[in-house]
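Residue numbers (UniProt numbering), protein chains in the order written: chain R, 1 to 366; chain E, 1 to 306.
Calculated from the structure, these hints are not laboratory results.
We put the CB at the ideal spot given by N, CA and C, even for glycine.
Take the hints with a grain of salt, since some may be wrong.
[As the list claims (entries may be wrong)] Examples of chain R residues toward chain E, derived with CB under 8 Å:
| # | residue |
| --- | --- |
| 1 | Thr83 |
| 2 | Gly111 |
| 3 | Ala115 |
| 4 | Met116 |
| 5 | Ala124 |
| 6 | Pro127 |
| 7 | Ala138 |
| 8 | Val211 |
| 9 | Ala346 |
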Amino acid sequence: MSGDTSAAAASSAADHDGVVGPGTPLLEVRDLAVEFRTPEGNVRAVDGLSYRVAAGRTLAVVGESGSGKSVSSLAVMGLLPDTARVTHGEVLLAGEDLLSLSRREHRRRCGERIAMVFQDALAALNPVHTVGYQLTEALRRRRGMSRRDAGRRAVELLDLVGVPNARGRVKDYPHQFSGGMRQRVMIATALALDPDVLIADEPTTALDVTVQAQVLRLLAEIQAERRMGLVLITHDLGVVAGMADDVTVMYAGRVVERAPVRDTFGAPAHPYTRALLHSIPSSGAGGDGEGRRLPVIPGRPPSPAALPTGCAFHPRCDTARDVCRTDPPPLEAVAVDRASACHFAAEVLASHDVPPPVEHEEAAHD
Amino acid sequence: MTDLSTPTTAARAPARPAADAWRALRRRPDTVIAAAVILFFAVMAAFPGLFTGTSPRACPIRDARLDPQGWGGAHPLGTDALGCDVLATLVHGVRPSLLLAVVVVGVSLFIGVTLGLLAGYYLGWVDYLVSRTVEVFLVIPLLLAALLVLSLFQGVDLGSGTFEVILLPAIVLILFGWMPYARYVRASTLEAKNLDYVTAARSLGASDLRIMVRHVLPNAIGTVTALLPTSVAGVISAEAVLSFLGIGVRPPATSWGIQIEQGSEWVTGGAPHILLAPLICLVATVLALVVLGDALRDALDPRLAR
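Please take these sequences and the hints and turn them into a complete structure.
Written out as structure tokens, the structure is:
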């Protein structure tokens, strides 16, 4: 439908981004730790997460299920369940610590300054209200917009996210939309109050592959247009390669590597990142590898309730040595703008074990 | 060029609420009939004089248990055991019966929904308090409580206005009628409040009250709407039991409940019409409410519409 035009816009937006360079951080998370109360005791789901997002930049937070990436975004938005609490850390939104605010004040910043796109749009849209109502509920309530103005704004928002025949569809209910259109509505809802930072929690996981590409292109386009900071939470490295400027790789609640995307994908500085990149199926690379099995990371991610001693990744790591079993590696700078939490980061970085090139989203699906 | 990408669902005529509603109604004639039945009884409650010229209190005992005489006769539906005109009693009994039903169901619904929503949403001590209260009220027998209220109000002259005659049964029935609503709403609230759309509303900065009323309640109320029509029937017949104890609708006012209670003695005694007339009216009302309840649920839940 609107695919061709937005593809062009997205690629030009990406070029534009490169010129601007990093600005002041809009959102900065410092040393965030989140604990869950469980019958077995307190379990630390996020431990010492730090990242920063500047206007017009996209940060990807990557990790397996249970690595704490979703929990950290819920903490930023103040949406943690009752059983969880932030034990330490700061979430600075334009310099103001959200976590030190009262619940009410925190909630006021949400939507207005920072908004979130959820994974499953069908579940995240209320089935009993029209999309028009949901798009403008916040506007009417918080900006005191009249019903008529809100109706007009709803059509604009739907147009913005590329829902065809927006005027005819504002009165429709979420179940009358297709999956991709629903996710567009979800994005429009998050954009209604014109936030500075958008957190997208696996925004395309519930969609099929062709629609994923469209929705991601839309996100990239809108982000570039509005110079928003985008935090993209995902486990899809193809998405990261296509969309993000910087990447933060999480494992078992901790950051294991932080770097610009281009650098990491060329030469990872942590064995976990390297293993992740190796386990992406690629159609073009490795001509002699006919029938070769796809490398996988052996074992499974540890339960946050029973983390291994030392480096949490050592039982699955191909370069693990004795020191890894006893001493947890700190996150240390390995190059300009790059940090890795591995005792042998320099070694891994220098090994030139270059993983196969990750195909970009656009290339993969068009 | 025409826009081929326009989905067909969006191509329908611009929404005109009145026309839409009428079309929806035409597709469901049972709704129209049900609405007509309710309207009929509502008119009867408001203007009993339109339907009968006979006073329900003129009860010559020599005319007791006359058979129905058909329209045009002095007693179209016959007379009851005391010689009162059945039609007149029926017509004048509509107002207290329906008023009682609406007041009791309305107030208990309000109490139950409020408490259930608060308990399910906040959990913790609020839930503890509400749940224990529900359990306490569930184990107290209705009749025992009725006798208690009766003794509390003994000797208090409540007057004989429209509301005064139903006050005592209303208090008793509300006191013991709100628990099911609270339980149902609490259960559906527990289910709805953890869904993503509630989190999404919160992420856009919605207040607790707004989330409860606008996002949780519409999704939690479905099970309760199905309960309402039968509750109305329950209230009307429970009132009959209470009137047996002397705390029902106060004489000289009369109600369907009292009529059914009295008529049931004569079903096998050669005068079934004394029971049948109010019973048929009650059944018609309840059926109409069931149909309207269904229509209401469909209207509230867009997933079932169209």
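Hint check:
1. Thr83: Hint on threonine 83/R: violated, closest Cβ of chain E at ~12 Å, above 8 Å.
2. Gly111: Since chain E brings a Cβ to about 4 Å from glycine 111/R, closer than 8 Å, the hint holds.
3. Ala115: holds, 7 Å
4. Met116: holds, 4 Å
5. Ala124: holds, 4 Å
6. Pro127: OK, holds: proline 127/R within 8 Å of chain E, min 6 Å.
7. Ala138: holds, 5 Å
8. Val211: violated, 15 Å
9. Ala346: At 41 Å from the nearest chain E Cβ, alanine 346/R fails the 8 Å test, so the hint is violated.
When each numbered hint is compared with the structure, violations occur for hints 1, 8 and 9.
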